[in-house]
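K.L.:
Using the hints provided, position chain A relative to the given structure of chain Z.
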Amino acid sequence: MHPATPPTTDTSVGRHHGTPVPRRRLLRGLLAATVAAPLMFGAAACGDDDGAADPNAPVKLSIFWWGGDARAKLTEDALALYTKKHPNVTFEKTWQANQGYFDKLATLTAGGNPPDLFQIDDNYLAEYAARSTTLDLKSYQDSGKLDVTKFPKSLLEYGVVDGKLAGVAAGENTQGLVYNKTLLTKHNLPEPTTGMTWEQHIAWAAQVSEKTGVPGTQDPSADYKAYWIWLRQQGKDLYKGNELGFAAEDVTAWFDLWKGARDRKATPSADVIHEGNSSDVTKQLVVTGKAGTSWVWANQMPDLKKNTKDELGVVAYPGDPSAQWARASMYWSVFKGSKNKDVAVDVIDFLNNDQEAVKLLGTDRGLPSNLDLRRVVSDDTTDPAMKQSIAVETELAQKFGQSPQVPIKGHSKVKSELVKAAENVQYGRATSAQAAAQFVEACKSAIA
Amino acid sequence: MALTTAPDPTRRGPGSDRAHAARRGPGSIRHSEGLAGYVFLSPWLIGLMGVTAVPMLLSLYLSFTNYDILTPFSEVEWVGFANYERMFTADPSYWHAVRVTLTFALVAVPLKLAAALGVALLLNRAWRGVGLFRGLFYLPSLLGGSVALAIVWVNMFNRDGAFNSLLSLVGITGKPWVNDPDWALQTLMVLAIWQFGAPMVIFLAGLKQVPTELYEAASVDGAGRFRQFRNVTLPMLSPVIFFNLVLETINGFQGFTAAFVLSNGTGGPVDSTLMYTLNLYITGFTDLNMGYASAMAWVFLLAIAVITAIFFSTGRFWVHYSDGEDR
Numbered sequence: 028m029h030p031a032t033p034p035t036t037d038t039s040v041g042r043h044h045g046t047p048v049p050r051r052r053l054l055r056g057l058l059a060a061t062v063a064a065p066l067m068f069g070a071a072a073c074g075d076d077d078g079a080a081d082p083n084a085p086v087k088l089s090i091f092w093w094g095g096d097a098r099a100k101l102t103e104d105a106l107a108l109y110t111k112k113h114p115n116v117t118f119e120k121t122w123q124a125n126q127g128y129f130d131k132l133a134t135l136t137a138g139g140n141p142p143d144l145f146q147i148d149d150n151y152l153a154e155y156a157a158r159s160t161t162l163d164l165k166s167y168q169d170s171g172k173l174d175v176t177k178f179p180k181s182l183l184e185y186g187v188v189d190g191k192l193a194g195v196a197a198g199e200n201t202q203g204l205v206y207n208k209t210l211l212t213k214h215n216l217p218e219p220t221t222g223m224t225w226e227q228h229i230a231w232a233a234q235v236s237e238k239t240g241v242p243g244t245q246d247p248s249a250d251y252k253a254y255w256i257w258l259r260q261q262g263k264d265l266y267k268g269n270e271l272g273f274a275a276e277d278v279t280a281w282f283d284l285w286k287g288a289r290d291r292k293a294t295p296s297a298d299v300i301h302e303g304n305s306s307d308v309t310k311q312l313v314v315t316g317k318a319g320t321s322w323v324w325a326n327q328m329p330d331l332k333k334n335t336k337d338e339l340g341v342v343a344y345p346g347d348p349s350a351q352w353a354r355a356s357m358y359w360s361v362f363k364g365s366k367n368k369d370v371a372v373d374v375i376d377f378l379n380n381d382q383e384a385v386k387l388l389g390t391d392r393g394l395p396s397n398l399d400l401r402r403v404v405s406d407d408t409t410d411p412a413m414k415q416s417i418a419v420e421t422e423l424a425q426k427f428g429q430s431p432q433v434p435i436k437g438h439s440k441v442k443s444e445l446v447k448a449a450e451n452v453q454y455g456r457a458t459s460a461q462a463a464a465q466f467v468e469a470c471k472s473a474i475a
Numbered sequence: 045m046a047l048t049t050a051p052d053p054t055r056r057g058p059g060s061d062r063a064h065a066a067r068r069g070p071g072s073i074r075h076s077e078g079l080a081g082y083v084f085l086s087p088w089l090i091g092l093m094g095v096t097a098v099p100m101l102l103s104l105y106l107s108f109t110n111y112d113i114l115t116p117f118s119e120v121e122w123v124g125f126a127n128y129e130r131m132f133t134a135d136p137s138y139w140h141a142v143r144v145t146l147t148f149a150l151v152a153v154p155l156k157l158a159a160a161l162g163v164a165l166l167l168n169r170a171w172r173g174v175g176l177f178r179g180l181f182y183l184p185s186l187l188g189g190s191v192a193l194a195i196v197w198v199n200m201f202n203r204d205g206a207f208n209s210l211l212s213l214v215g216i217t218g219k220p221w222v223n224d225p226d227w228a229l230q231t232l233m234v235l236a237i238w239q240f241g242a243p244m245v246i247f248l249a250g251l252k253q254v255p256t257e258l259y260e261a262a263s264v265d266g267a268g269r270f271r272q273f274r275n276v277t278l279p280m281l282s283p284v285i286f287f288n289l290v291l292e293t294i295n296g297f298q299g300f301t302a303a304f305v306l307s308n309g310t311g312g313p314v315d316s317t318l319m320y321t322l323n324l325y326i327t328g329f330t331d332l333n334m335g336y337a338s339a340m341a342w343v344f345l346l347a348i349a350v351i352t353a354i355f356f357s358t359g360r361f362w363v364h365y366s367d368g369e370d371r
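Respectively, the protein sequence lines represent chains Z and A. This note's numbering puts the first residue of the first sequence at 28, with every later residue one more than the last. This note's numbering puts the first residue of the second sequence at 45, with every later residue one more than the last.
The following block holds chain Z by itself, in its conformation from the complex (with noise of 0.2 Å):
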C-alpha cells in the first residue's frame, strides 16, 4: 500500500564526531560505546538525565511526506545532509502518494504514534492544529531557532491557525491557469493573459474549441480553488471566521457563469469534465488532449509536462490576480507530543534555510519558502519547467493580495460537496439555484 522506504539505519556515527563535547562526557561516552553497542543508546539516555538536552545523544526522528519518487528523493538527499551536519540525528523515513496519506497520518495520530515531523496542507491544517496535533511554533520562532525572517509576510501567516503557527510553509505556490501552448500555435490562436476578466476568458475558450473542435478551458465550476479565486474578486471569501464567506446566491452566480460557458461550447461534456475533476495531476484534461486549460497550482507544471509532448504555458486564473495569494503548497509541522520537537523544528529551519538543502529540493514543493534562497535557486535552475513556473510565480507574486484565513475544520466536506454541487448542475440534474441551496445546507452542517 504504501511504499515506505526502510528506515535509515546509519551507525556508522560515532559519538566523538560533530561539535566538542565536554572531556568527561566524551569519556565516559567512549566508556559506554566500548562496553557493548546495544548499550550505547541506554549510555545516551543516562546523558539525557543530568545533561537535560545533550545535544548530541542519538536521535531517530521519524518523517512522513506525500509525493512520488522525485520527492522522495530530493528529501533523502537533504535529509542525509543533514545527518551528515548532526551525526547524532537520523531519519525514520515514510513517504506514500497523496492518495491514503491523510487517512494513514489520521491513523497513526489515533494509534499515539504520530511521526514527529510531517507534511501536511492547508485542506487539514486547521483540522489538525484544532485538536492540537500540531506543536505551536512560535515560542521558536520568537527564539530565533526557527529562523522565518526571509520569508513573505503573507505566507508566514498563512501557516498560522486561531494565533499560532501551526505549519511552516515547505513551498510556495499559486493558482495557475495552464495552457496547451502548441495547440493554440498550431491554431494561430492567442494565448490567454493574467488580467482578462472570466467573461473573456471564457470568449476565448470558446473561440478555441471552434477553432481547435478541442474544448477551449475545463469547467472550474467543482473546483473550490477556483471558486475561491472568484469569490474574493466579489469581495467574498470562502470562509469568514467560523462561518460561510459567501451565500447561495454567490454559488448560483458562480453555477450560472459556467452554464453561460457550456452553452457556447467552451467546455468539456459533463461526463469529461468528470474525469478532469476526479484524476489527478498526472490526468488532467490539458494533459490528456481532452480540454485547453486545466486550472491547477502553478508547481504543478513540471508534473504536467512529464505527461504531455505538448508545449504548455501558465497563467494566473481570470480576473484580478490580487486576489490570488502567496499559498503554502504544502506544511512541516511537528507533533505536539514528539519527543524531539527541538531537532524537527531544526530539521524544518534547516530544510528552509540552508543554502544547499534548499538547492537540492529545488522547487518540488513549490519556490524555496526563503526569499533570498528563492532567488539563489531560480538562477540556479537548468530544468526548462522548473525556471517556467519559477519565472511565473515571481510575476505573480509581485501582484499578490493578502491572505485568507487557512480553511477551517470541515473543508474537505465543503471541497466534496461542492464537485457535487457543481456536477448535478453539469449533468442538468439541478438548476444553478437549487444546487447552490443544496451546497449552502450541506456546507453549514459541515463546518458547524
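Warning: the hint list may mix true and false statements.
Simulated crosslink set (DSS-like; lysine-lysine; CA at most 27 Å straight-line) [said to hold, decoys possible]: (1) Z:K172 <-> Z:K292; (2) Z:K366 <-> Z:K131; (3) Z:K368 <-> Z:K100; (4) Z:K112 <-> Z:K87; (5) A:K252 <-> Z:K310; (6) A:K219 <-> Z:K292; (7) Z:K286 <-> A:K252; (8) Z:K111 <-> Z:K292; (9) Z:K386 <-> Z:K172; (10) A:K219 <-> Z:K238.
Listing some non-contacts, in silico: residues in chain A with all C-beta distances to chain Z over 10 Å [stated by the list, open to error]: (11) V95; (12) T147; (13) F329; (14) F355.
No wet-lab data here; the hints were simulated from the structure. We put the CB at the ideal spot given by N, CA and C, even for glycine.
P.N.:
Coordinates of chain A only, in the frame set by chain Z:
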C-alpha cells in the same frame, strides 16, 4: 471488512450430534477434553478477542461519542444517541447511500446467482474440456475484490474504452458509462455479476450431490427437462441456493473496492456509486467523523443481521434438506 460471520451449512450433521452428546454427559474426561479444545483454540480465540472483539466493542463505544480520530481517547466526549439521531433525521447523503446500496444488492445479487446457477448447469456435464471452462469461469472471482480489476473495468467502460469500441463496430454510439451518473452503478453491478465464479463452484458441487436416480425416476414419470429442473434440481439444490443467497447478499451489501476505485474514493459521479461502506469510510477518514462513522457501522451490522434473520425465517418454507427432517 467482514462485519458478520457467514453461516456455514457444512456445520450440520455429525458435529452437532456430538456436541449434543457432550452436553448430555459432562464427565470429567469430556471436561478435560473440552479444556484441551480451548487450549488448542486459544491462538484463534486470542486473535478474535484482540483483533475483532475488542475493536468492535470499542467502536460501539465510539459510536456514542464525537470521536474524530485526532483527539486522544481521554478527551472524547460522550454525545449519547446524537450520532444515531443525525443519521436518521439530518443526513440526506446517508439515506442516499442506503438507497444506492439496496439498489446494488437487489439487482446484482439475484442476477449473479442466476448467472452462477446457469453456468453451473451448463458445466455440470461430461463435455470435453469442461474442466478448462470451469477454470475460466472461476477466474474472475479469483481476481475478486482486486484493485487492478476495478481499474481495468474503469478503462474498459470509459467513453473511449474497449466496450464502446465494440459497440461502435455494430454502429452503436456508447455512453461514458463509468462517468455517467445514470450508468456508473450499473457498471459496478455488471462487474459484480461477472465475478460469479465462487457461487458457481458451490452450485456445481451441489449439483453433483443430487442423486441421479431422482432424475431417472422423474423421466420414467414422464417429466421433461424443465419439470426435472423445477421439481428435482431446485428442491435438492435449495440448501446450496440458500447458502449462496445469504453469503452473496452480505457480500453485496459490503461492496467497497470497485466503487472506491471507480470513483477515486468519492462515490461520484454525483454520489451515484456512494455505497454504504464507501460513505462510511469517507465519513470516518476524510471528514474525520469517526464517532459518526462507527454509529453507521453498527446500524449496518444490525441491518445485515436482520436481513439474514429474515432469510433464515423464510428458509423454512422453501429450503429442503434431503435428510427428511423438517428444519
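K.L.:
Against each hint, give a clear statement of whether it holds in the structure.
P.N.:
Hint check results:
1. Distance restraint check for Z:K172 and Z:K292: the Cα-Cα separation of roughly 55 Å exceeds the 27 Å cut-off, and the hinted pair is therefore not satisfied.
2. With a C-alpha separation of about 20 Å, the suggested pairing of Z:K366 with Z:K131 holds against the 27 Å cut-off.
3. Restraint check: the Cα-Cα separation between Z:K368 and Z:K100 comes to about 25 Å, which is no more than 27 Å; the hinted pair holds.
4. Between Z:K112 and Z:K87 the CA atoms are separated by roughly 15 Å; this keeps the pair inside 27 Å, and the hint holds.
5. Pair hint A:K252 plus Z:K310 does not hold up; C-alpha atoms about 51 Å apart against a cutoff of 27 Å.
6. Restraint check for A:K219 and Z:K292: the C-alpha separation of about 19 Å stays at or below 27 Å, so the hint holds.
7. Under the criterion of a C-alpha separation no larger than 27 Å, the hint pairing Z:K286 with A:K252 is inconsistent with the structure, at around 61 Å.
8. With a CA separation close to 58 Å, the supplied pair Z:K111 and Z:K292 exceeds the 27 Å bound.
9. Distance check on the hinted pair: Z:K386 and Z:K172 sit about 21 Å apart at the alpha-carbon level, within 27 Å; holds.
10. Using a Cα cut-off of 27 Å, the hinted pair A:K219 and Z:K238 holds, with the two alpha carbons roughly 25 Å apart.
11. With a minimum CB-CB distance of about 14 Å to chain Z, A:V95 clears the 10 Å threshold, and the non-interface call stands.
12. Its beta-carbon lying about 17 Å from the closest one in chain Z, A:T147 satisfies the requirement of being farther than 10 Å from that chain.
13. Not every CB of chain Z is more than 10 Å from the CB of A:F329 (nearest about 5 Å), against its label as outside the interface.
14. The beta carbon of A:F355 is kept farther than 10 Å from every beta carbon of chain Z, the shortest such distance being approximately 34 Å.
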